[in-house]
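J.: The primary structure of each chain is shown beneath.
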Amino acid sequence: MKPAFTFKIGGEAGFGIMAAGTTFAKVAMRSGYYVFDYSEYPSLIRGGHNVMQISVADEPVNSQYQTTNFLIALNQQTLDLHKNELIEGAGVLYDADQNIKVADIPDGVDIYAIPFTQVVKQAGGSYVMRNSVALAAALALLGANMQHLKDLIAEEFAGKEELIKINHEVCEAGAAFALEKYKSKNILSQKQNVVKQILVTGNDATALGAIAGGMTFTSIYPMTPTSNILHILAPFQEKFNFVYKQPEDEISAINMAIGASFAGARAMVATSGGGFCLMSEGYGLAGMTEIPIVIIEGMRGAPATGLPTWTEQGDLRFVLHAHQGEFPRIVLAAGNVEDAFNLALRAFNLADKYQTPVLILVDKYVCESHMSVVPFEYEDFKIDRGNFSVDKIVDYKRYEQSDTGVSTRTIPGISNYIIANSDEHDVFGFSDESSENRITQMNKRMKKLATCEETDMQEPKVFGSRDADISFISWGSNKGPILEALKSLPNANYLHLEWLNPFPSEFIGDFLKKAKRAINIECNYSGQMAGYIAEKTGFRFEEKNNFLKFDGRPFYPEEIVKLINNENTK
Amino acid sequence: MKPAFTFKIGGEAGFGIMAAGTTFAKVAMRSGYYVFDYSEYPSLIRGGHNVMQISVADEPVNSQYQTTNFLIALNQQTLDLHKNELIEGAGVLYDADQNIKVADIPDGVDIYAIPFTQVVKQAGGSYVMRNSVALAAALALLGANMQHLKDLIAEEFAGKEELIKINHEVCEAGAAFALEKYKSKNILSQKQNVVKQILVTGNDATALGAIAGGMTFTSIYPMTPTSNILHILAPFQEKFNFVYKQPEDEISAINMAIGASFAGARAMVATSGGGFCLMSEGYGLAGMTEIPIVIIEGMRGAPATGLPTWTEQGDLRFVLHAHQGEFPRIVLAAGNVEDAFNLALRAFNLADKYQTPVLILVDKYVCESHMSVVPFEYEDFKIDRGNFSVDKIVDYKRYEQSDTGVSTRTIPGISNYIIANSDEHDVFGFSDESSENRITQMNKRMKKLATCEETDMQEPKVFGSRDADISFISWGSNKGPILEALKSLPNANYLHLEWLNPFPSEFIGDFLKKAKRAINIECNYSGQMAGYIAEKTGFRFEEKNNFLKFDGRPFYPEEIVKLINNENTK
Amino acid sequence: MKTLNNLKTKNVPNWCPGCGDFGIWTAFKQAADKEGWDNSNTVITAGIGCHGHINNFVALSSFEGLHGRALPVASGIKIANPRLKVFVFTGDGDALSEGGNHFIHTARRNHDLTVILHDNAIYGLTTGQTSPRSPKGFISKSTPQGSFEEPLNPLALAITAGATFVARAYSGDIDYLADLMIEADKHKGFAFIDVLQPCVTFNSMYSHFFYQENTYQIEADFDATNKQAAFDKSLEWDLKKIPVGVFYNVDKPTYEEQIVQIDKVKVEKRDIASLYTKYS
Amino acid sequence: MKTLNNLKTKNVPNWCPGCGDFGIWTAFKQAADKEGWDNSNTVITAGIGCHGHINNFVALSSFEGLHGRALPVASGIKIANPRLKVFVFTGDGDALSEGGNHFIHTARRNHDLTVILHDNAIYGLTTGQTSPRSPKGFISKSTPQGSFEEPLNPLALAITAGATFVARAYSGDIDYLADLMIEADKHKGFAFIDVLQPCVTFNSMYSHFFYQENTYQIEADFDATNKQAAFDKSLEWDLKKIPVGVFYNVDKPTYEEQIVQIDKVKVEKRDIASLYTKYS
Ligand SMILES: Cc1ncc(C[n+]2csc(CCOP(=O)(O)OP(=O)(O)O)c2C)c(N)n1
Ligand SMILES: Cc1ncc(C[n+]2csc(CCOP(=O)(O)OP(=O)(O)O)c2C)c(N)n1
Ligand code: SF4
Ligand code: SF4
Ligand SMILES: [Mg+2]
Ligand SMILES: [Mg+2]
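Chains as they are written, first to last, in the numbering used here: chain E, 1 to 570; chain Y, 571 to 1140; chain S, 1141 to 1420; chain U, 1421 to 1700.
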């Protein structure tokens, strides 16, 4: 049995599908359920098909599903594209004012015909409120607590009493129409014990983590799927005392961040692969000059402009090796919104501690999917600026040797003489091309990675029992669908990789050696993580144990379950 | 015994060290010897220490050596830095007009004190001709055929009879002074059978290969170590009918080349790692739009500005993975000037055949070191533009499926309707985000790499006997020092890797499995090729079998020999 | 010759209803129709943005490359085949922000291109951020407190950098825009048209109404060959005082007519023996 | 206060004897000496090129980053700590070619920086290629047939883009250059000095003699607050007619005084609970 109820709403781009879907998710969350949503849309402002699916469950839920329990079709295309996802007992609600054909809806599916425009008109509303009718009707048919919908409307239009009133009336009319004509089901009923949750995307979580973690400067050139980070941050500059700067391009973004960090700020940039290409020179500049920065890299379908609004995990090797030569880079990947928050929060400490870039890999799937979680807990978190001094230091050596590879950092403007130099440099920062100096400084810089591995690197987490028949191994946003799949695969466990550089090779090698059958799961063409594991541990996945997907869609838990089950019955 | 005579000239940057060294090399070459030279200089126009070493031998010679047989010291610093390289029986020639201390020259070294300025003056020459005195004196003392020096001067100043005359007189005076005071040795004497050779650097060879191979457009933003490619090409645009364009930056360079190629040209760019960062977005654009281009990537000390005039092999992984997502890229590495010519020559055919970028990795060492070789032979070479049509094609599908992954390419302006689109696209080139189309087009593009592996990829060459006790494995410019080392290690052989993507994994895996002891040699910090081999073949080098160097200096044959011999006597 | 009809592709334009891009699209097809721009003589390049979608809606050979890079691609095409008419469709984010460097350098070299700027003073495709054309104080997702930056003036910039034909039109004035496109195409050298293009979804400030009310046609006796005058005129931007028309129009050698002429497809194996003397 | 002497570092300048960079270096040290620019109040950023070596020869905190990127680094520093004086030493290749986009955008935002362009009309460090400042017809390693491109005019470009202080000096006129640097530093906003800097090794055209012969001081009654006049003046470049002095000087709010003021080192853990309402 599927451990979630899945609701879907679809229609033409530009018609508020995402807003309606999010409202539905919030109603469910406020009623005491756990929710996860996933949306698909083309790289267009209007036209094209938009769809959002919300998984609702009594337990935490981590992904979307292939099947649908309730579908709102705002147009014919939605019905055509999604009718086959409807399972026995599902419902489909459509706009009876449009000439929509419902002939080949599968058997056993309840069909709810609601004339959106007619209802809106009768309630005295305007055309743009049609989604409210649909939503209210659907919620009513699912037995939801309608007060939540009303509250959400009141919050959205706070201060605009007229608008609230008319929207409420439209909702009431929609619900009334539905309940008059059809029987309600007891699916989304209000729970007694409601745990306080928030509904956030990976972008929300990253932005919140950066605020909590003390970021004081960020420059972001818009690019899907991370543009929303700037939209979330920009309004809070005064409240939290940081600067968001829209730069002319990504080259400027990273160089500004490096300058700000040099002057003492906690600096962050965010982009996608294309923008990261342009940042790749600055990436190594930060490494060479030992300037802390945090980089959020949101992957999407590639190469080139690619599939701008679809997901992929194709940039793993790129971020591990971008820039000429070698420098210490810390690379982490976020598996879900909680990880995104925690990694963003802690990335600044890591960057300051190791005085080098920290890159967090996310992807469209985690960036733009909402998940309900209890509010982020970070009481134990403390700002750690590492070896950072604002004292006056005589005969200051910026790049002095040390056991950890880290030297004392200070800032300009407080009478210290500090030199940052992109050329190979001596302990002071002056250009020095001698062999001895080169070896010393390279070893010093790379030593920081070894220190980080010993001091800060976290062991990967294993979900499920230690001695399972099947061990999944993956990274990034696949965490969600795999955790969902585990719910149906009691004999499987999952090793989730969060630290990509430094890399917990020993732990992983051990785990894989002991695993009865290890399966690598990735959203990219060649299985980049499988290759990386082979390089680092010597373990090589057989081809049949590489589950790869590269069509811009995330894995679905059913796909994973089916792959295993089909094989077992062969 | 060292299989070469090594001559070195050193002095302050800006004083014509390279020119004098090259003249020496040409005299040796014209006298029937094989030569190789290597130079070191800082990233400055003036000041700092410049030095050039020329290896001269009866057999082809492939690298510099640690020891020196004859040193010209234009200043004190040269003596101080290089005196310990002088071996028993070596000679050192210095400017007796300067207050140079020769006290601690090792025993057994002949010291030649020549008053450069005095001799110049007496011969009626000017101060800038001091190098001529030094060179003439050295050549005379080595028993060289002085006519070659005179010829070279006459060629250099062709048409300026006065200058030729005075330079000849200065040379004669230098030689006469030396021979009067010191005894000449019979080292560089004229040979009877002189094979016709040319003295070229990797940059020369690349430029010549590109001209021979039919390049019609190139845009290069200057960057060490490949700037000389543009200097070599620019004067020959009219003669050979191609365009060299200096762009505003590297982003423009690669996008212009892509545009030119789209319109039908054979296009090339050249840069170093920093510029390649900026090209990395265009790299994948060419992959996505299936536009042939040739990229020359010259590695140098990194990261960031790094060691701009020193060598390294740190960009291997970077060029293998640069750009978001995956696309077919052909990556080759040149081992010496002959390889550089052949790869550049053939890269254009490969690019046209697979309609994708072909990248050639070189480094400062191969780019700027001269080697004498017989003039390049390419009679068998034919231009192959691949599946390229200038016919009118009805209902043209640019990205049609095919067994090889390659589809028919045509050009704009001949009534075909051709669409290049950086978004994922359908067979025509129109944007298409559907799952089916995405999978088809990704498979199509990546199929080209498999086709190339079957059709064009070359097996790596093994130098030396098949069943040696020690097998070196390496790539790029290490070829030279390793081949030299083999001359002293009869029990060793060498597997040279030229094709890096596609990668001859099977051949390499077999070779390594059979090798008694395999040693990986690389000029980078982490042993990137060792990691790549582990990923691709499962073979993992023990740490003691990774010979790595990352101080900006190439390997010396003696270092390799010593490492082996020291171990054997442990 | 192509007709308006057969420049259509299988794709229906999906700009927002009312978007100024429709006007640019229509004007271009009208001009193409009149002048016979077709696949025997024309190629278009486009940036990434709403504007860039145009290549899906016009049946002319096209290159839609990376965000900000339409100009260098166009220059490469033109160098390789100077007989092609090359049109560049670009956005204010594309040409002035990400691609600002190419803009000034392509102008200065006087590449023989026709560049059409979809100037909506906003980043459309990324759902509404401030662009270098947005006025000071502009409120958007990226500047919720109002932008602190003076906008760039694309006409003044083009004139300063070295463009030889510089004009402006409003996207709703289709006949005039089509005529300007034809004039720009006929001009030898870098021809730039700043098209005032309302984005009805994300920029309510520069609406169709705004441009209809506030633009005026440059005086008939204006001397467009005078650089200083052109510069002065380009600084005008005020209520009722936004000039449209040709600001600057001078004759200078194009980049393409000065360089070596390569044949677009003639690629030959070459004999390099004559170069060996230098290396001997 | 630092003295001329203690701004020295352990490194001896290694520009070619006669290089115009010596003049810039001397003028800057002189100005610093006079004004008390030291490590308590000043930071310099530099590009990559011969010019960029200056950071090795001045004992002030410095950031020498990537080729073309001195300006965004400087902007970042200034935003993070507006109390710092930030000087940018850049080259014509650095600021106008590789970094051309940053040049126009940094000017337009009126970041409060002092930008000193080592304008030698050549790529020095890479041993002599044509730069965007090299005149048409210029012969160099990259244009052996003579350049086909019109040069960029950095003054006109700065004025057009939005710089608020624009001046020019010859590197050999050390006292005047030092005074200009002081004036530029005092100016609130983007202050740009185009320094005519002979490269004695790779550009024989623009020699010390050439500039000594052909420059003249802008008239005392010139109105530097008028944009059109400044633009017109910036177009002058002829034998005996190269103006030096202040072309443009206006008061406008700087970028840094408009934005949120962050404290350079105050980094605090923040409580985000108040934001949760939005997500509940
Ligand atoms: C390197 C890179 N950075 C960012 C983006 C994301 N992006 C796509 S379109 C666009 C801006 C579009 O603005 P504009 O050029 O004005 O076009 P419009 O949509 O307004 O027509 C951006 C930032 C990208 N595709 N590539
Ligand atoms: C991305 C990148 N491209 C190219 C280079 C090589 N490079 C170093 S300095 C320079 C040009 C220097 O010219 P300019 O800025 O005028 O400085 P100058 O030496 O004349 O002072 C170039 C192209 C580089 N370091 N980085
Ligand atoms: S978002 Fe603006 S520019 Fe884009 S299609 Fe809609 S109206 Fe046009
Ligand atoms: S090359 Fe030119 S700019 Fe560079 S140091 Fe020498 S004279 Fe100065
Ligand atoms: Mg726009
Ligand atoms: Mg310069």
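Among the hints, erroneous ones may be present.
[To be verified] DSBU-like mimics (lysine-lysine), calculated; alpha carbons at most 35 angstroms apart, straight line: (1) Lys397/E / Lys1698/U; (2) Lys397/E / Lys1505/U; (3) Lys183/E / Lys487/E; (4) Lys653/Y / Lys1132/Y.
Hints in this document: simulated from the structure, not taken from any laboratory.
J.: Compare the structure with each hint and give your call.
T.: Quick rundown of the hints versus the structure:
no.: 1; hint: Lys397/E / Lys1698/U; verdict: violated (47 angstroms)
no.: 2; hint: Lys397/E / Lys1505/U; verdict: holds (23 angstroms)
no.: 3; hint: Lys183/E / Lys487/E; verdict: holds (32 angstroms)
no.: 4; hint: Lys653/Y / Lys1132/Y; verdict: holds (21 angstroms)
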